[in-house]
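Colleague: As a plain string of letters, each chain reads:
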Amino acid sequence: MNATLIQLAASAALVALMIAVAGWARIARPFAPLDEAAARTLLAGEFPGRIVDKVWIAGDGAGAVARSGEDALVIYRLGDSWVARSMPWRLAMVAPVRRGRVLLKLRDPAAPMARLAVSGVSPWPPETPAEALAA
Amino acid sequence: MTLDPITPAFSPVDWAVPVFVVTIVLEILLARFRKVRAVYEVRDTATSLGMGLGSQIAGLLTAGVVLAATLWVYEHRLFTLPMTAWWAWVAVFFLEDLTYYWFHRLSHERRFWWAAHVNHHTSQHYNLSTALRQTWTGGIAGTWLLWLPMIFLGFPPAMVAIQKGISLVYQYWIHTEAIKKMPRWFEAVFNTPSHHRVHHARNPRYLDANYAGILIIWDRMFGSYIPETDEEPCRYGVVHNLGDFNIFRVAFHEWMAIGKDLAGSRSPREVVGYLFGPPGWSPDGSRDTSATLKAKWRAREAAMPTPAPERIAAE
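So the protein lines, in turn, are chains S and X.
Note that my numbering numbers the first sequence so that position 108 is 108, with each residue one more than the last.
Note that my numbering numbers the second sequence so that position 16 is 16, with each residue one more than the last.
Excised from the complex, chain X in its bound form:
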């Protein structure tokens, strides 16, 4: 059997579109009849789905550049890995998922890439439609470059594209409150609704955590894993939630904020900080980053009066 190394034999995302539609309608109906937990606000849903549709169009605008760069790198590859070998699919599964982890972490921890990714987090709801609130500016932000080392190693572009599609489809079903927990062994290895709810939460306790695509093991390995706790339910959205449902604001607000900050910059250090510092970075530290929000939260927790067990026992 031969497979075209350049053109994917199929697109997992295209195949999954009917599943997306059926499951979103099903989640709404089950919530309507109180069989599962799900909250849908109609304008929020329209924004999420509109962003999904828009991302398809935006993707077409940069597809040519991405494809040209990918083909050029593949022409200069180190090895030629066969698409028909099972071990090559195992390798691409792990390597693509590891690449996704770092892409996702970068997209949260550095403002330039956060500007392209933030839209996915702007809904204050967490349901299957939230999964489709996809970026319009990912191509411009250039995060696709992170997958080129795999191509340079010799993985065929079609193979990487199929695995990226599988990862995207996998990550769809975890955007739900309808499933509380999966079996323990599954929660230990795979990204799940519970893990990903934490990722979408704006509570300081949960910020900058659970970047996994398919496997949660990367978060456990690299120290970014935080479990969901019953004591603190997730509150969804971003630290400073958007002021309206304007789809263009969703897509571009952080880029506009970067532009505003750059226009007021007074030194190269400030330019670099505003572009590549963590989201919330400011020259005088007057704004909050995830780190400062977490530190303040920890300080508040530490300041909370707790009963002293020894004294209670003595009394």
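Chain S on its own, in the form it takes in the complex:
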């Protein structure tokens, strides 16, 4: 039992060392804030074949929401990578904004929530109720 505990403790120390080296090296993928063209490229890769109408970009460029028919296509940054999900557009439009972020419930245990930055130039929701009705 003692040997097992010593082995686990030693493994934990080595894990900490490797994480520290990875942090020091700074060799993650470079990140540039999204603009509409970059968001559309990402969306085309994540949702191939889907027609994207309008695209809303998060205030910090770390996410986007696009309308595709009755669906909202959501992408957001995780580390140096991206996460993508879809949800009903009507639910996305009524998602609450708290502390400067819109909280989009994705209803998936693997990615329960997207929290995207809202700003003056990127208000939420991106369309007014009248526009939503017209659509």
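Worth double-checking, as some hints may not be accurate.
Derived DEER-like restraints, expressed as beta-carbon distance ranges [claimed, not checked]: (1) X/SER11 - S/GLY100: 50 to 56 Å; (2) X/LEU61 - S/VAL52: 45 to 51 Å; (3) S/LEU17 - X/VAL65: 32 to 38 Å; (4) X/LEU61 - S/GLY49: 43 to 49 Å.
Rather than coming from a laboratory, the hints here were simulated on the basis of the structure.
In this text, a Cβ means the ideal position worked out from N, Cα and C, and glycines have one as well.
With chain S's structure known, arrange chain X on it following the hints.
Modeller: Chain X alone, transformed into the frame defined by chain S:
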């Protein structure tokens, strides 16, 4: 020479731990100084290594049951195969690797076992640390049962354990982008970084392929081999990538999703489908499985306009 048929004389994985540490640090340093291709994101690395550490602890929880079942089967074995015979080691090498192939294929193609294996595929990176992103729930999923027929045949448990360890250590070094291709003869016979990059890719073209442990020949024999192509670089991860780096989400998210689906099931058919159907199965077909994703990809490829050679030649 005699070897204990029950207790392995050594653990290949324990012996390899210093190699794991040195090579991960080396891969990071070489990438830092632009000598090889490797991408490490610190939280992703922490998640992979944390999963590796956690799998050691999780393994201890089910070790007793696995050992008891193994010993019981060995007591009722058909033959007694000697650990000192060279041919027995050759046989265990091929049989264990074949068993691994089917274990791995099952772990991808049926959701119950995918739930235990998916965590290994949740990194959007492909580097040596990804190799250590190991399961916490493999013991509970019961995939270790697949190795019991070998014990029943008469292979000593220690022999099978050593070969399983060798296979695991072999599969470590192939988790890298630093090596593009091995020599052709090697690529033809063995699992390589190139073959395994395809296995970790989420591009529809590459889904459900290259299940090999050590020998890629099984994929070639059973029709699951797909080569890596330069035109389509591998994009790593799972079809629906995880939303954060929470280690417990990595370990349990698919089990939670199964639970959610079972809670909403309306018939025994749906229960069976959600548990043992392919990942992505749904009663109304509204979700995507690997097969439907591949079919959609093929349809898109077929719909792509291609120049007609005859017409171009005529013009």
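Colleague: Now look at each hint and say whether the structure bears it out.
Modeller: Comparing the hints with the structure gives:
1. X/SER11 - S/GLY100: 50 to 56 Å: holds (52 Å)
2. X/LEU61 - S/VAL52: 45 to 51 Å: Roughly 47 Å apart at Cβ, these two residues keep to the hinted range, so it holds.
3. S/LEU17 - X/VAL65: 32 to 38 Å: holds (34 Å)
4. X/LEU61 - S/GLY49: 43 to 49 Å: holds (44 Å)
The structure fails none of the hints (numbered hints given earlier).
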